[in-house]
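The lines below spell out each chain.
Protein chains: 4
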Amino acid sequence: MDLTIERLGPARIHSPLNLSTQLGDQVCNFVPDDEKILYDVSLSACRTCRREGAETLPLAFERAGPREKIYFDPSKVRAAVVTCGGLCPGINNVVRALVMELTYHYGVRHIYGFRFGYAGMVPDFGYDVLDLTPELVRDIHHDGGSLLGSSRGPQDPEVMVDTLDRMGIGILFTIGGDGTHRGAMAIHEEISRRGLKIAVVGIPKTIDNDILLVEKTFGFETAFSIAIEAIRAAHVEASGTPNGVGLVQLMGRHSGYIAANAALAEPDVNCVLVPEVPFVIDGERGLVAWLRRRLEKRGHAVIVVAEGAGQEFLGGNHSTDASGNVDLADIGLYLKQRLTSELKAAGVSHSLKYIDPSYIIRSAPANPNDSLFCATLAQNAVHAAMTGRTGMLVGIWHNIFTHVPIAAAVSGRKLIDPEGELWRSVLEITGQPAAWQ
Amino acid sequence: MDLTIERLGPARIHSPLNLSTQLGDQVCNFVPDDEKILYDVSLSACRTCRREGAETLPLAFERAGPREKIYFDPSKVRAAVVTCGGLCPGINNVVRALVMELTYHYGVRHIYGFRFGYAGMVPDFGYDVLDLTPELVRDIHHDGGSLLGSSRGPQDPEVMVDTLDRMGIGILFTIGGDGTHRGAMAIHEEISRRGLKIAVVGIPKTIDNDILLVEKTFGFETAFSIAIEAIRAAHVEASGTPNGVGLVQLMGRHSGYIAANAALAEPDVNCVLVPEVPFVIDGERGLVAWLRRRLEKRGHAVIVVAEGAGQEFLGGNHSTDASGNVDLADIGLYLKQRLTSELKAAGVSHSLKYIDPSYIIRSAPANPNDSLFCATLAQNAVHAAMTGRTGMLVGIWHNIFTHVPIAAAVSGRKLIDPEGELWRSVLEITGQPAAWQ
Amino acid sequence: MDLTIERLGPARIHSPLNLSTQLGDQVCNFVPDDEKILYDVSLSACRTCRREGAETLPLAFERAGPREKIYFDPSKVRAAVVTCGGLCPGINNVVRALVMELTYHYGVRHIYGFRFGYAGMVPDFGYDVLDLTPELVRDIHHDGGSLLGSSRGPQDPEVMVDTLDRMGIGILFTIGGDGTHRGAMAIHEEISRRGLKIAVVGIPKTIDNDILLVEKTFGFETAFSIAIEAIRAAHVEASGTPNGVGLVQLMGRHSGYIAANAALAEPDVNCVLVPEVPFVIDGERGLVAWLRRRLEKRGHAVIVVAEGAGQEFLGGNHSTDASGNVDLADIGLYLKQRLTSELKAAGVSHSLKYIDPSYIIRSAPANPNDSLFCATLAQNAVHAAMTGRTGMLVGIWHNIFTHVPIAAAVSGRKLIDPEGELWRSVLEITGQPAAWQ
Amino acid sequence: MDLTIERLGPARIHSPLNLSTQLGDQVCNFVPDDEKILYDVSLSACRTCRREGAETLPLAFERAGPREKIYFDPSKVRAAVVTCGGLCPGINNVVRALVMELTYHYGVRHIYGFRFGYAGMVPDFGYDVLDLTPELVRDIHHDGGSLLGSSRGPQDPEVMVDTLDRMGIGILFTIGGDGTHRGAMAIHEEISRRGLKIAVVGIPKTIDNDILLVEKTFGFETAFSIAIEAIRAAHVEASGTPNGVGLVQLMGRHSGYIAANAALAEPDVNCVLVPEVPFVIDGERGLVAWLRRRLEKRGHAVIVVAEGAGQEFLGGNHSTDASGNVDLADIGLYLKQRLTSELKAAGVSHSLKYIDPSYIIRSAPANPNDSLFCATLAQNAVHAAMTGRTGMLVGIWHNIFTHVPIAAAVSGRKLIDPEGELWRSVLEITGQPAAWQ
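Residue numbers (the working numbering), protein chains in the order written: chain A, 1 to 437; chain B, 1 to 437; chain C, 1 to 437; chain D, 1 to 437.
The set of hints was computed from the structure by calculation and includes no laboratory data.
A hint or two may mislead.
Put simply, identical chains are the same to the list, so a pair is met inside one copy or across any two.
Derived SDA-like pairs (lysine to any residue); straight-line CA-CA distance at most 20 angstroms [to be verified]:
no.: 1; residue 1: Lys69; residue 2: Asp2
no.: 2; residue 1: Lys344; residue 2: Pro157
no.: 3; residue 1: Lys414; residue 2: Arg298
no.: 4; residue 1: Lys414; residue 2: Asp33
no.: 5; residue 1: Lys216; residue 2: Ile281
no.: 6; residue 1: Lys197; residue 2: Glu135
no.: 7; residue 1: Lys297; residue 2: Glu135
no.: 8; residue 1: Lys76; residue 2: Asn243
no.: 9; residue 1: Lys344; residue 2: Ala186
no.: 10; residue 1: Lys216; residue 2: His398
no.: 11; residue 1: Lys297; residue 2: Gly107
no.: 12; residue 1: Lys297; residue 2: Ser351
no.: 13; residue 1: Lys216; residue 2: Asn399
no.: 14; residue 1: Lys414; residue 2: Asn399
no.: 15; residue 1: Lys76; residue 2: Thr133
no.: 16; residue 1: Lys216; residue 2: Ser411
no.: 17; residue 1: Lys216; residue 2: Leu422
no.: 18; residue 1: Lys197; residue 2: Tyr104
no.: 19; residue 1: Lys69; residue 2: Asp33
no.: 20; residue 1: Lys414; residue 2: His398
no.: 21; residue 1: Lys76; residue 2: Pro242
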């Protein structure tokens, strides 16, 4: 995999004037331009690489952080921000921190916000462009949602690059998920085709935490943290009535990270169903039989299901939403009906309560740790963009901020490894079957 | 209406021994046995009553509180607690405070908890009876749900009274709503028929706040307080996308208090639909037309609907649940589909997000003000029961704790007055139409 | 006591034009101009009054609410708002609701906010006046503090009335406590002296809940709700170590309502000390002896002290702050040191943790029930002001919104009745001595 | 530095019977016994190591996780848990997860809890030993504090090992900070001296996050998350009054991580003072001059100070507490008085509010991410102990759970690097001086 980061040209301006002034004769702790972080941090990987000799450098990410020389002249460059896709805790924190870092740390004076996603870059929609000043964004980190608004779906890259060009934008920050970054790739390619000097730097936003080569995305921790309120509710309801069953559907189209993390954070969960681990409903080793055994033994049960799990049970032809995501049929509602009727058929008097906290989670403000994460992600995105790096995302790997080529990040999806540490902990804490057949 | 409270017999034991000891030579501030609180507290009611002369005393409630003389001997009486119906914040607070007040204030030594509602009083179900000790209940007020568990539906009064009689119970505290109190009435009548000396004292529990002659029920404030999180989420989602619509379904089978109060507490709501105020969907003055005007003018809208509103749109024959409540068809889901299709038909591109926070609310622990309310309700329930009062509920009226005959409380339902102060404030704050046709 | 409300003149404009338009042919549910609510709502008071005959009407408050005829022409009148004294949860909610009600319900077009309390009405300080538009205040209810800022201390009424006159203000809303309302009285008297037509309507703001004739002030519930976090912390610390003592100082200069309510809401408190109930430290019946008995019996203790309690132990000459409040010496710190040294002297190995959550409470946003209360208080303040009522506060009495003459409200202070229901509940729940000597 | 982990002897029992049964014919994903994680994960370190040849393996930690072969027979081994030092969010989560993992995953049947720290291992104190059953610990993770209680200070290792020996304990889990681990070392050495087969496995607990070779300790995230409530309060108070100054003291005896992280999470902080970066108060570049400039420019300021910062200003001879920690004089109170008097002397009218949220933070329950962290830490501690590893802590390094020799961990303290990424982000976000002289 190629982790090389593209650049608009050599950096030449000594990094940032106002910073120097502020720090007086202090030397700022810049990151060396070529510092890299290993992809595989095990000792054995290091040994392997040693055996193989110098030509085969191990896979490594560029380390993020401020560089001594920058590409853009802060007093002249114009930056813009666009937020796309579904809501996710922390978007406003990222927008705020981009504006603050650009303004106060580098002295950039023109920052614009496109409204309602990529649609805001298309004149036909007629959305105004916001002037992103420190005054406007000062308190937005206390609110969920996006100051800029969002929308789903791609737009014509040529039209969007026309807009950037016409407005004299030098840096575009794209905040979004998989679809957004495919869009950012298209914009970046159109920019390259025209030979424009516009940096495109993404900040990955996916509540599902499923971006490849990025250890953690912002909003994810807030998401599973709020999810545990639904789990606690399910547990209280389940344990407050004879043969009570609490069923919680959580987000996770392809990757069950929210469900898995929530179950580790609130150990009242007895079974977690995720897209990465197939399950069966019928038979001695199926979900219904497991549930009946659990009720017999303990009198109540809490099940958490990620929205992308068990799609094979739902049948039918799926359409796609404006972002190109396949419209998932509702596994939660399916299980609610299926489990109820199976228990009823088996003569098990019971009470099943179903909870889907989706929008309460998506619209929440970032929790403190996510706030911190958003703030530092944005600082590093600004550092990268000011050096002229482009076609890249700011990521994090083994707790160190990194630069990731968009092309590499969108080449696949990050999934829970059913043989890995996370799922092992889930199996240990729930005591659920490691396999369903 | 008759607000006279029944009693098992004259109170004679000087109130409570251990309290006297504790207070030394202090005089305790007992409530005079016949102190009453006016039903109508307006000056004009007082004037009317004056004109009418002494024979026609105005309607008034017995005031709750400790009496100097009590009926039961604390060292001998056995008390029991049963919690019925759906979960509601504060049940554990009430159970805890009953136990603490009985134990430490009066010196009662035997307190039992029936499990899983009235079913726990029927031997055939085989549920154990819990020994409610201070140690067991010390920390339960931090948790939602019910330590005792709950269930819906009536049981045979004769069987339940058999149980009380066999266990030598002198006081039964019933925590529940309308159905529970009908059950308590039946138990009370069976006790009277047999000439037993068992006091039945209810603590009204209805998350909907719809008990007649009771100003406020416990858990209601917590309920609308948590509901505003769903409203904020709906607002963030609605305002974060072009023509965003947030639709929140809240509890309220017959009475829209939760919806109305939530809208006053979080003024992002643009329209509240409650069972007490009919609405229309079609036509120039209907909901769809209103929504289209709102979107045109402001670009987003938040609608809150109580679950019992607009049932006439849902048609069909309704079954009833185990508590005898009519199974409401889901007005929230109906409106979600109807509004979406109407807007689509009208060519209005939009995005509607639906939130139903029901179980997250029901299972929550009581907030501090509800905790305080539960604690004082329980103290007053114990005071009333110890004097031999029976067939009554502890209520609150114009902020003063009262005794309410169960018969009076179950004779109807408390509803929002569409001409009253609460609904007027809602109309002022939302700016929604006062009438839909 | 005289509860008559002053007016600027007869109301004549038919109430409010834009409301009528909005409601179409609906009749609005106005409150009759002379509707009153009894001060004493007991049946015996009604009986007494009946015996005494028609001349002696019982004491009663004007009921708040919209009137059919108003005094000010909404399209012309200019309103202003000032917030004074210490911070309290809900100030922003009140300001927001005043602006919304004036703008959308009555159609008032000019609303100003003075900055930093009465100082903002004195040109010499040079503070700008804010234009209070719906856009500006839309989201401020999510934040604690005051958008307008605040300050302590009186200013010259003549100078302030000059400002009102020069700006053409017709209505001044004053949000503040005892000192603020004395200031509002002075402004009101200066206005009367000059024969100006300016209504002065106050909204009582005191976190201590100590305004006479007002059952509850906004922010108070939020205050004791947050206070229980400190109590829980104290309990966790106390019970987590041998002979642990948790000591929490809460607000309450003259009235211990926050301490008393917090103890009822979180029953881990073993002793509450308030200004209204004197206590002793030494001797067999003193606090130290009580604490030693408690530690011996239970191994830990939690004490809550209101800041105004036990001032006699602190000695010294007290100065006053800018609001004229006597600077209380710190009873919490005094008890911390005193109890520690007494226990040490008695050879009791222990660990005392002291918590003072003051500013965390004062600066918090209003909780949902307080938000609702602020919103309706403000609606009623606007209703009253629009009718030309002046020299009054909006209060609440037995859960009904009322008009209270400022003169009556500042004639004393509301205190906990040591023989009343609240303190009785506290004694029952803590089990603490009813008297300390 | 030596990162070799000691063991009691070779592991031989095939890992855990009940797990195998549960998983049926599934292969469990064990961690290879010698898997290691690099200390330095930069590409350049890997290059260096390559140049230097095979003899010099780079520094690396053993990776934590379940091993195929274990040392103790689960059906026979007895485990014990002790919690020492000050409270910290998450202690109960760790205790719960230890019990659950031992019981349900490995089938261990005897788990004991010593009460009140190391004192509980000394018979003379007379504390009972708790039987740690799944029933007892099921819900304790919802509460702050420690079920077991805690105390400070060392006890005689010989007496403690006598206790372990007498009780037949095979595994001792120690939950605590620096002092606790020195105690655990002493216990471990005494065990070795006697040739006993008792594993000592620590779980590092320090709210300050200052354990060497451990990236993050549990409770730390919860701590800085709650700290931002104090910062928000300080900001609301500061910005609500002319020249308002909010001063917050946070924990951090030697390391300012809580202060630094809180400032990144809530960017209303204008200045962070930590032990690692000296500051001056007087002079053109001192704190007072900075504050005056800030007030002149912005009208308010928020300062966060870690308790261990600026100790040189406090003078005096410091005593030590029972844990051997130097009693820090209160820099927060010192700055409160000093800044107030300096501003007063300079004629700057202002208002300073001081907040110290210490015990509210320490006693809080763990937030969801910390809960998850505690649960997985405990799982890994159990895995390590069952293999007979001893004299070690479970740590985390670059997001991977590791084994750390206690001797290495207590050989120093983890400090913020003033030239590192964290402090750079703080400087960027606050805009405060990088150096004070």
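- Identify every previously stated hint that the structure contradicts and give their numbers, smallest first. Result: hints 1, 2, 3, 4, 5, 6, 8, 9, 18, 21 break, sorted rising.
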